[in-house]
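Chains A and B, in that order, give the protein sequences. Take 1 as the starting number for the first sequence in my numbering and just add one per residue. Take 1 as the starting number for the second sequence in my numbering and just add one per residue.
Treat the hints with caution; some may be incorrect.
Claimed, not checked - Quick list of in silico lysine-lysine cross-link-like pairs, BS3-like style, CA-CA up to 30 angstroms:
#1 B:Lys294 x A:Lys12
#2 A:Lys20 x B:Lys294
#3 B:Lys352 x B:Lys244
What the hints assert, rightly or not - Cβ-Cβ distance ranges computed for the label pairs, FRET-style:
#4 A:Val2 x B:Thr307: 21 to 27 angstroms
#5 A:His82 x B:Thr182: 49 to 55 angstroms
#6 B:Asp21 x A:Met89: 47 to 53 angstroms
Rather than coming from a laboratory, the hints here were simulated on the basis of the structure. Glycine is no exception: its CB is placed at the ideal position from the N, C-alpha and C atoms.
Each chain is listed here by its residues.
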Amino acid sequence: MVLENDVEGIAKLADIHIQKEELGEFTSQFNHILEYFDILDTVSDGEEGEADLVNVLREDEVTPSLTQEAACANAHETEDGHIRAPRVM
Amino acid sequence: MVKEYFFEEADRTNAFITRLDLAMYEETGGPLEGKGIAVKDNISTAGIPTTCASRILAGYVPPFDAHVITHLREAGAAIVGKTNMDEFGMGTTTENSAFGPTTNPHDASRVPGGSSGGSAAAVGDGMVDMALGSDTGGSIRCPAAFCGIVGLKPTFGRVSRYGLIAYSNSLEQIGPLGRTVTDVNTLMSAIAGPDPRDTTAYDRPYTHTPSGNIAGMKIAIPDEFFGEGVDPAVAESVRNAIGKLEDAGAETMTCSIPSMAYALAAYYVTCTSEASSNLSRFDGVRFGPSVETKRSWHDEFRDHRGTLFGKEVQRRILLGTFALSAGYYGKYYAKAQVARENVRKDFLRIFKDADIIAGPTMPQIAFKLGEKSDPLSMYLADILTVPANLAGVPAISVPCGMVEKMPVGLQLIGRHFEDERVVDAAFAYEMEVA
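Looking at chain A on its own, in the form it has when it is part of the complex (with noise of 0.2 angstroms):
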């Protein structure tokens, strides 16, 4: 069961910002399905189903690929060639 600022909490760490006046159905909607995931505590403990992949690796080479224009070309503030992000401190 989560309470409502734990669901704000969780908004936080997912940086979504949740309206005060939705937080309620939300957290109703979430506890809702939680409870449907707890059929997961009837799985007892077991493998993983990992032993048969593999990893697929490359040399780290460049090869051809989008041009600086074009990487850039979605982006709403550039600068030389490179795109402007909010500030993080």
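Dock chain B against the given chain A, drawing on the hints supplied.
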């Protein structure tokens, strides 16, 4: 030589987000030359807007083609537009779209299924012969069943996902939709094959001619596919269809998939967890509506994503963030991965004796618009389609009759990399009822 393709069909179901009334194609001599193909709007198309039906990608024009689009162009196809879908593929009805819902071509008061609902409706309504969709937990097969057409989810790894805007990488595949098994087979031939840009893509090209000869094919029928929640009329229609496969020479047996008890929960924990990571790229910096760069990163980010993501997308990102958070990882994500392995083992066990597993694609006929307003009740509708994604096996939906004047889908699931056999079983059914 470049030729013009005039796409003039009326869009009665809101199947398209972007349409190209004048589409171009190359005279390549390829198998799709001069064919109009619709493409789900989460597959990148150079020069054609690609939105994933989300406001957060408004105005985004990919600078490159997805691998499957490169293949379509080489095969001579004309890409006539981008189809409506549940935002980022998150839904079972195509109602979770920033562009409004698509309606079912058989009944405008019902949903077409989802999340590839626009692709299925465009094919079902005769606007195009074929379309591409993507299937994370049933998103090709569900709308194919609801719209009365054929849809194939290939084996995981058979088709490159390069250029597919990721939602849940370990589950999703691009696949073909069409009105006939032959059309689905043709489109599959064009898109399958290796691609160094998708390291999960195997070198298994698809060069198959469908055969209706299924004499001796062993078909297993899981009890769980006809259990609680499955509409008895849908179940009857599917059992009759399996009878037609017996008429064509197949042998049937019953089987059990005990892991289906928790498969749906394992699916939703896995896909929401992967979504919470994948969708963190939508930050308004490199594409989509712009952010205010003068504000601090987190403040701007939070408002941007709180405003532009739809509710279902927000819900799934939050669920995934929760399932992966410290203290809950073991209870949810780790358990889901064990559950997933159990699903795969159940399939492998059944496929020692059987060639195909058969059952309904969806437990009900197409819902009324607005019927599934509670998120969990919508999730529960995916119970019969998610097992194939968890196990990575190929599965097809082929129309098998009507209930209340709405189409029903027969689902046929096969062994890993036996997409051809799945297609043959569907083709045999199509021949038998023709």
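Hint check:
no.	hint	result
1	B:Lys294 x A:Lys12	20 angstroms, holds
2	A:Lys20 x B:Lys294	25 angstroms, holds
3	B:Lys352 x B:Lys244	23 angstroms, holds
4	A:Val2 x B:Thr307: 21 to 27 angstroms	24 angstroms, holds
5	A:His82 x B:Thr182: 49 to 55 angstroms	50 angstroms, holds
6	B:Asp21 x A:Met89: 47 to 53 angstroms	49 angstroms, holds
No hint from the list above goes unmet by this structure.
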